[in-house]
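Asker: For the record, the sequence lines run as chains A and B. Counting in our numbering, the first sequence runs without a single skipped number right up to 468 at its last residue. Counting in our numbering, the second sequence runs without a single skipped number right up to 1246 at its last residue.
Read the hints as simulated data drawn from the structure, not as lab findings. A quick note: this is a predicted structure, and the numbers were derived from the prediction, not measured. The beta carbon of each residue, even a glycine, is placed where N, CA and C say it ideally should be. There's no promise every hint is true.
Cβ pair distances, simulated, as ranges [said to hold, decoys possible]:
| # | chain 1 | residue 1 | chain 2 | residue 2 | range |
| --- | --- | --- | --- | --- | --- |
| 1 | A | 54 | B | 1124 | 36 to 42 Å |
| 2 | B | 1124 | A | 57 | 30 to 36 Å |
| 3 | B | 1041 | A | 57 | 37 to 43 Å |
| 4 | B | 1102 | A | 435 | 33 to 39 Å |
| 5 | A | 177 | B | 1048 | 55 to 61 Å |
| 6 | B | 1065 | A | 57 | 24 to 30 Å |
| 7 | B | 1191 | A | 281 | 37 to 43 Å |
| 8 | B | 1165 | A | 222 | 40 to 46 Å |
Letter by letter, the chains look like this.
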Amino acid sequence: MTGRQSDRMAAQTESGSDAREQPVSRRTPGLQSLSGWGNWPITGSEVVAPTSARELLDIVPLPTGQIARGLGRSYGDAAQLAGGTVIDMTGLRGIQLDTEKGIATAKAGTSLGQILDFAVPHGWFLPVSPGTSHVTVGGAIAADVHGKNHHRDGSFGQHVESFELITSDHRAVSARPGTEAFTATVGGMGLTGMISRAAFRLIPIETEAMTVDTRRDPDFLAVMQSLFDSDARHRYSVAWLDLSRHGRGRGVVMGADHASVNDVPRRRSGHTPLERTVSIPARCPRLVNELTVAAFNQMWYSRAPRRKRTSVESINSFFYPLDKISNWNRLYGRKGFLQYQFVVPYGEENTLVGVAEDLVATSTPISLAVLKRMGESDGGLISFPIPGWTLALDMPLGDPDLAAVLDGCDAKVARAGGRVYLAKDSRLRHEMVDQMYPNLSRWKEARERLDPDRRLRSNLSNRLGLTN
Amino acid sequence: MDSFGRSQAILLLGSRSDIGLAIVDLMVENGAREVVLAGRDHDQPSNVGVGREGDHRYFDAVDTASHAKFFDDVFSDHPGIDTVVVAFGVLHDEDEVGESPQLGVEMAQVNYVGAVSALLHATTHLRERGGGQLIVLTSVAGITPRSSNVSYGSSKAGLDFLARGLARRYQKDNVRVLVVRPGFVHSSMTAGREPRPFAVSPEIVADSVVAALGRQANLVWVPGILKWVMGVLRMLPAGVVDRLER
């Protein structure tokens, strides 16, 4: 359980519904409607679902444009291509774990949750956990995801030892840190090729418990100060903010670490796989509005202790609280929602607060607001993280005036040397992306070499002119 | 198209339409990078659209036999088109129509028959490419028959009906249709006519259209108050409405 087993053991799973009859890739006739996690906009694509790297290699080059898709957790339009082909990667599943060195080798469609279910009982944990465990390994690399430990451990790509990239012109490229294929693909939003498998380092844990310090703060500045303090003391830290109209940016700051065997009274045996307690039905009416957001925020804030309190929590409840509710994105109704996530460098706190104020002033309620501090960036050429403050805001769609307000926020963020996270985006204007990502032209050159026929495209890349 | 319905590549059918051009101008201001302007006098200086940047194409609404090739060509040269604006139309004075019925037939041919063909072709292409949006300019004249513009109104009524029906039929294919029902708009089409109450400029119509796309609406009245005005007019006896007209 401690990850110190001496016998080198390579365990392998081929779990899930891999017992497919058809030897060839499933190809759904006609166009299938797809959207990001924000449920809008929806466009139609042909969907091909290979079940192995071999099949994946066999289907390229495709006559149309193509983009790989994992579990569809990008909020915006990164994993869809109107009128083109979407390659559903979730058929490529399987994990190999070197329990001695703590290295996981997984097929690209394996979810981080599946890796946890397998690795935690062996005493290993993911180096980086985004806000949901329902993302694939391929997607985690393509978006170069970050978690609550970015200030200490960086983004997912920094823990990747190697991966295999199937290019659109029928090559299988082995990418290692430092190579062009690596730096262009990490954070490259799937536009350099299709990752078929990856090897990455895990971190050892003694228990499956987390010790969590929680405290609440009455306004935005106090939250920022607490988060700053928390970063110095904890491996993981995050702040939840109340950005409803009368919330004044009050918030709850959580700092956490993996519990050692001495921290928990009774050593917990093994990892409890995620249990979903609630599922939101399709066609759920919009339940997120100013009233429900204010009520939820009031409850959430009141529940948190005034002074710092330490508790012991499970991995799932600390890292993935929203995973308990399947399809929570449907709470926003048919019109969907967006997440605006940006980062501004340290020293640009005025911009951070200014952007938050601009958005609080709109008639759209901010249903969820999460603040994090980021550490050194050592990811890909167009990876999102840079040292600074990152704020992620969920907002229901449907207010046309929000478009111009967000454009104004983009301008402030860009002026401050910050940027918007492409994995969340569904509305950034194309002229902003060059300002926000200074290495974009270098990335485009690298991309051109990996995809010389320009087959790889997505709605995101078309909208932002990333692939032309 | 982004999550607020802002277009990247837009096709305007009716390059002389002031409303259509105002919509295109606003879409360009909002980030559209590709513009196709199509009309019958695509090369005439009298066509205000000709001065605009974009790919100018010949399109004759009445020549429906040419439409298949027109749309094939436009969509293969501009595969990124995500928004089509159906803005062409003619308006003749009802008194003149009374004198020469052929003018009424012409309105039906352009405003209705031509638009049926254009809408159906555009829908087919948008469906094939995974979706998109259609902006269809109808008119409040098509909602309640009024003696001053019955022939024009009947052609717009048919178009309005078709557009709303296509919206339902092809929602599953992610083709969204916005029906725009303006009242009196100050434009070259209405030049020399007595403005009616609640008259607006083409720019106001464009603002309303862009806002409606952002709301994910499929019907918009311009100005919005006309929805209620027309609702009341429909409940009044025809004689009273006609007396109000004068």
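Asker: Which hints from the list above does the structure break, by number from lowest to highest?
Answerer: 3, 4, 6, 7, 8
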